[in-house]
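Colleague: What follows is the residue order along each chain.
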Amino acid sequence: MSETADRVKKIVVEHLGVEADKVTEDASFIDDLGADSLDIVELVMAFEEEFGVEIPDDAAEKITTVKDAITYIDEHKA
Amino acid sequence: MFDLTGMTALVTGASGGIGSAIARALAAQGARLAVSGSNADKLEGFRASLGGDHVALPCNLSDASAVDALVPQAVEALGGKLDILVNNAGVTRDNLAMRMKDDEWDQVIRVNLEAAFRLIRAAAKPMMKARFGRVVSITSVVGQTGNPGQANYAASKAGLVGMSKALAQELASRNITVNCVAPGFIRSAMTDVLPDAQKTALLGRIPAGDLGTGEDIAAAVVYLASREAGYVTGQTLHVNGGMAMI
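Going down the list, the sequences are from chains A and B. Numbers 1050 to 1127, taken from our numbering, label the letters of the first sequence in order. Numbers 384 to 629, taken from our numbering, label the letters of the second sequence in order.
Treat the hints as calculated values from the structure; they're not laboratory data.
So the derived label-pair ranges between C-beta atoms look like this:
1. B/Ala549 - A/Glu1098: 21 to 29 angstroms
2. B/Gly428 - A/Lys1111: 43 to 51 angstroms
3. A/Asp1117 - B/Ala449: 30 to 38 angstroms
4. B/Thr528 - A/Asp1085: 32 to 40 angstroms
All of these numbers come straight from a predicted model, not from anything done at the bench. Cβ atoms here follow ideal geometry from the backbone N, Cα and C, with glycine treated the same way.
Produce the complete structure using the sequences and hints provided.
Modeller: This is the structure we're talking about:
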């Protein structure tokens, strides 16, 4: 598992208060992890801070699963 | 009660009549302020008169990019957090609707409503992170009752109320409250110059028999900005001597 994936999963666990083993790469934030739209906004803010990336709104809207987040960050982090 | 020690606040329109009363009251309760206004010299004079460790951030609220920069500037100047946002700044461009220029409409909506939205949108970020926030927007009795010659102003002030209710619902789960204070007729440079006959007619409509003061409005803002008001959100507190009971 990549380092990015570990850090993303840690943030998701902390922010959503879910069990770590539920945070699989295929897990959907809303459908599987119980996030609401405001949670997604907060997760994106947390990812931006953790990885020093800028995630514009149109990209943020496409991030619906843990894997989406990892892929976006890996492609854009410095 | 209503102690704001350790809290930080951004107040727009802070050098005006009501705005300066609000800023003084928040500072008196212990908050550290970023005061904003369009006239840099007047604003700096006001900031200096507050004493304490407050900052002045001049801003033209009809300039969208300047507005978007204001909250980040305030957060930085106030040590990385913003607990309270008071959208007080407002302008009037009165005219009968049939004579109202596009520019008169646009200017009032831009400063009174759009700038408030931009500021709240920006402030929501640090407030969400902190899991605490208090937003208070100064609307007007006119936003509820209407007033001839003020289609633009009344629309902007009613808009603040609806917007605040939407934002209150979006942000309540993060311990951020969004409320309005609606002044009635407040003693100011504007009302001082009214002819006596008009003043008498005005007072006849106010059960309390007197105009309000900036301090009356400031007290309502202090309450809604306080930790104690945490369960009050999406509301409009009318401070008008009973002239309109809504």
